[in-house]
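Peer 1: Sequence:
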Amino acid sequence: MDPKFVEMTKKSSAVWLKELGFSDLIINELVTAVTQCNYGQTPNVHAFVGSVSVAAADQNLWSVFGGNKRVAEELLKHSRASYLRRLVTSVALHSQGHFTVTSTETDTPVKRLFSEGSPTEIPEMNSSYDPRTQDYDVVVIATPLNKDKSNIKLVNFTKDFDFPGHFERIICTMVQGEVNPESLLLMPDDHIDEILVTNPGLAFNSFGKQCPASLSVNSQDYPDVWKIFSSAPLGEDQLKIFFKERNSTDVIDWLAYPHYNSDQQLGNFELVPGFYYLNAIEWAGSAIEMSIIGGKNVALLAYKYWLQDPNAAMNSLLKDEL
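All residue numbers for the sequence shown refer to the numbering used here, where the first residue is 1 and numbers rise by one.
These aren't lab readings, by the way, just hints derived from the structure by calculation.
Among the hints, erroneous ones may be present.
Unchecked claim - Okay, derived cross-link-like pairs now, EDC-like style, lysine to aspartate or glutamate, Cα gap no bigger than 16 Å in a straight line:
id, residue 1, residue 2
1, K244, E178
2, K147, D162
3, K159, E270
4, K227, D250
5, K69, E289
6, K10, D263
7, K209, D250
8, K304, D137
Kindly generate the complete structure, drawing on both the sequences and the hints.
Peer 2: As C-alpha cells, this is what we get:
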C-alpha cells in the first residue's frame, strides 16, 4: 500500500490538490462538480475519496451489463452459499469463540432502500416476527453499522464498539420523458448528456441522460431516461418545470455515502477474531471497486482465521482474483 494513503485521509481534497500545484479554478469547478455528482459533497472530503471521485469522471469507465447488482448475484451463485432473506437483529459472542446470529422475517426486502433517507418512512423491525437464532464459526458484516444505517446489536463482546460518523442522504430520481431545455437555461435545439454543478445550493447535484450498457450513447431506439441526484426530494412542481412530459418517474431515497471529512477514522476489518466488518472500507471511499477490495481483505482474514494459519493467504493454490 502506498504510504501516502493514510496521509490522504487526513487532508481535504482541496488542500491536497493545492499542495500538488492545482489551481483554485480546477478545484472549485472541476473537482467540485465531480464530488457533488458522486457523493453530494464538496472538495472538503478527504483527499483519497476525492481522488476516487475524480477517477469516476474518466470517460473510459466500464459498465456492468444488467447493473452492478450482477456482480453480487454472480458471486453468490458461484459460491453456492445459502441465501436467507431475513433481517439480522443481533450478533452475540460466546465464550467458546463462536457467534449466534438472531434474525427476523422481512416482508419487503427492497422497501428499506427506497425510503431509507426519509425521516418518516423507515420501516421498523418487528422483533417478534418469526425470530430465529443460528450459530456460526465466522461472521462477516457487509452493511454499515453506524447508528443512522443499522439497528444490529452486538451482544456479549468484551469491548464496546464505536462506529462514528453519519451518511449523506441522496435522492435518485429516474424519469423517462422529454426535458424542458429552457428550465436548464438551454436553447430548444441544444442536446445534453450531463449537467454537473458547482453550487451545493441548487435543486440537484447532477442531471444526466442514461443509456444501458448494451446500447451506444447515440442510439435512437432507446427512450430518453434521465437520472437526477439531489440532496432533497424534487417536488412535483419542480419535475413539471424540468420536463415537458413524463412517461414514468421512480424515486430512490437513501443514505447513500458516508459524510467525509479530513479527520476520518477508517476503522478495522477485524472487530474480534472471527468477526469481520467489510464496510470499514467505505470510510476510505465508497464505490463498487472499494467494496470488492474490502470483500477480498475480509475473505483473506477469515481464511487465515479458519485455518489458524497466518500464512494461509500465501498458498500458491489460492487465486488472486475474486
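Peer 1: Evaluate each hint against the coordinates.
Peer 2: Tested hints:
For the hint pairing K244 with E178, the CA-to-CA distance comes to about 6 Å; that is within 16 Å, so the pair holds. A hinted pair counts as satisfied when its Cα atoms are at most 16 Å apart, and K147 with D162 qualifies at roughly 10 Å. This hinted pair checks out: K159 and E270 have alpha carbons roughly 13 Å apart, not beyond 16 Å. As the CA atoms of K227 and D250 are separated by approximately 10 Å, the hinted pair is consistent with the 16 Å bound.
Distance restraint check for K69 and E289: the Cα-Cα separation of roughly 13 Å lies within the 16 Å cut-off, and the hinted pair is therefore satisfied. Among the hinted pairs, K10 with D263 is consistent with the structure: their alpha-carbon atoms are about 5 Å apart, no more than 16 Å. For the suggested pair K209 and D250, the alpha carbons sit about 15 Å apart, so the restraint of at most 16 Å is met. Using a Cα cut-off of 16 Å, the hinted pair K304 and D137 holds, with the two alpha carbons roughly 13 Å apart.
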